[in-house]
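Those protein sequences? They're chains G and B, same order as listed. Okay, so the first sequence: first residue is 25 according to my numbering, each after it adds one. Okay, so the second sequence: first residue is 110 according to my numbering, each after it adds one.
Hints in this document: simulated from the structure, not taken from any laboratory. Treat the numbers as computed from the prediction; the structure is a model and nothing was measured. Each hint should be verified, as a subset may be incorrect.
[Unchecked claim] Mimicking DSSO-like on lysine-lysine, the simulated pairs with C-alpha atoms at most 30 Å apart in a straight line are: (1) G:LYS34 x B:LYS273; (2) G:LYS84 x B:LYS271; (3) B:LYS274 x G:LYS86; (4) G:LYS84 x B:LYS297.
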Amino acid sequence: MSLFGSFKKKKSAQRAKDRLNVAITLDRDSNLYPYLDELKIEIMQIVQKYSKIKDVRINKEKVDDQDILDIEIVLDEDSKT
Amino acid sequence: MGIIFSIISGKGGVGKTTTAANLAIGTAMQGKKTVVVDFDIGQRNLDMILGLENRVVYDITHVMDGDVRLRQALIPFKKNENLYFLAASQTKDKTVLNKEKVEKVLSELKKEFEYIFIDAPAGIESGFEHAVYFADAVIVVVNPEVSSIRDSDRAIGIVDAKSKKSQEGKRVAKYLIINRINPDLVQKGEMLSSEDILDILEIDLLGKVPEDQIIIEASNTGHPVILNEKSEAGRAFKRISRRLCGEEVPFVDIESVKHSGLLKSIKKMFQ
Chain G
25 MSLFGSFKKK
35 KSAQRAKDRL
45 NVAITLDRDS
55 NLYPYLDELK
65 IEIMQIVQKY
75 SKIKDVRINK
85 EKVDDQDILD
95 IEIVLDEDSK
105 T
Chain B
110 MGIIFSIISG
120 KGGVGKTTTA
130 ANLAIGTAMQ
140 GKKTVVVDFD
150 IGQRNLDMIL
160 GLENRVVYDI
170 THVMDGDVRL
180 RQALIPFKKN
190 ENLYFLAASQ
200 TKDKTVLNKE
210 KVEKVLSELK
220 KEFEYIFIDA
230 PAGIESGFEH
240 AVYFADAVIV
250 VVNPEVSSIR
260 DSDRAIGIVD
270 AKSKKSQEGK
280 RVAKYLIINR
290 INPDLVQKGE
300 MLSSEDILDI
310 LEIDLLGKVP
320 EDQIIIEASN
330 TGHPVILNEK
340 SEAGRAFKRI
350 SRRLCGEEVP
360 FVDIESVKHS
370 GLLKSIKKMF
380 Q
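Please work from the sequences and hints to get the whole structure.
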């Protein structure tokens, strides 16, 4: 390799590090709430005692350092009447 | 009361069993009463690495099922009187483990031994949880390679979620061993350095082990490298064992290439 060649492209170890940092951050995020599916089912069961529902949506958010679970319960329109 | 170290990894084939064998011999050489337990039920391997494959009569499932007493299943390691070995079953599968039985065997071992090493099955296979549930400390083995590092992060996550200590709100100590480091490649920037790996995984370093051809010879003959003074990996395992015994052993820079003759150092300037 020439003197100049080494400056041209990033060494593979650096690329490995960059890629791992991204992949692991995503992995950790998606493993943060392993109970989400069960939670969704249980919420549906409880709310259904009182009202018909279409769906329960749970969104993961991060505001600054605060982890937020945003739970949205979509009611079935027919149940109002 | 002994301390339980579980040796884990994300993926298989990173040198977990070799590490378990060598560290167990290492602490035994330091005068500690040690036992090493193969928890990889159905894929018994530690017996070969230790050179004890012909001595296995009873294994851990016999003890757990109450067929034999622990004492009958423990196999003495001839090359060091402080070390005993408990084999995994080769015929049964991992579902034979259950928490109560595992706890009973481990608490018996804790009374008899100062150091208990558990060679865990790889990654998140069934059986892994049993191997880490009662651990006082976890030793994570990685290779400087992307899939090993990524998978080990997931395994660490499971330890944090599932071990008894974590569930009781206590901290499980976690340590990293980086195995199969190739100094030449690290120098060329073509292999992740130990510093990079520690940055990514954010756990404490226990030791660095260089790639060493003598390891193959060691597993061929059943004579672990720590018993071989000429082996660099063997010396690295010895340093780690001394650390486990509470000694402060400085980290050796195994990543710099040592054999830098004049020609090589000139060449290096132009690389």
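Item to check | Indices of hints not satisfied (ascending) | outcome: The structure breaks hints 1, 4; every other hint is satisfied.
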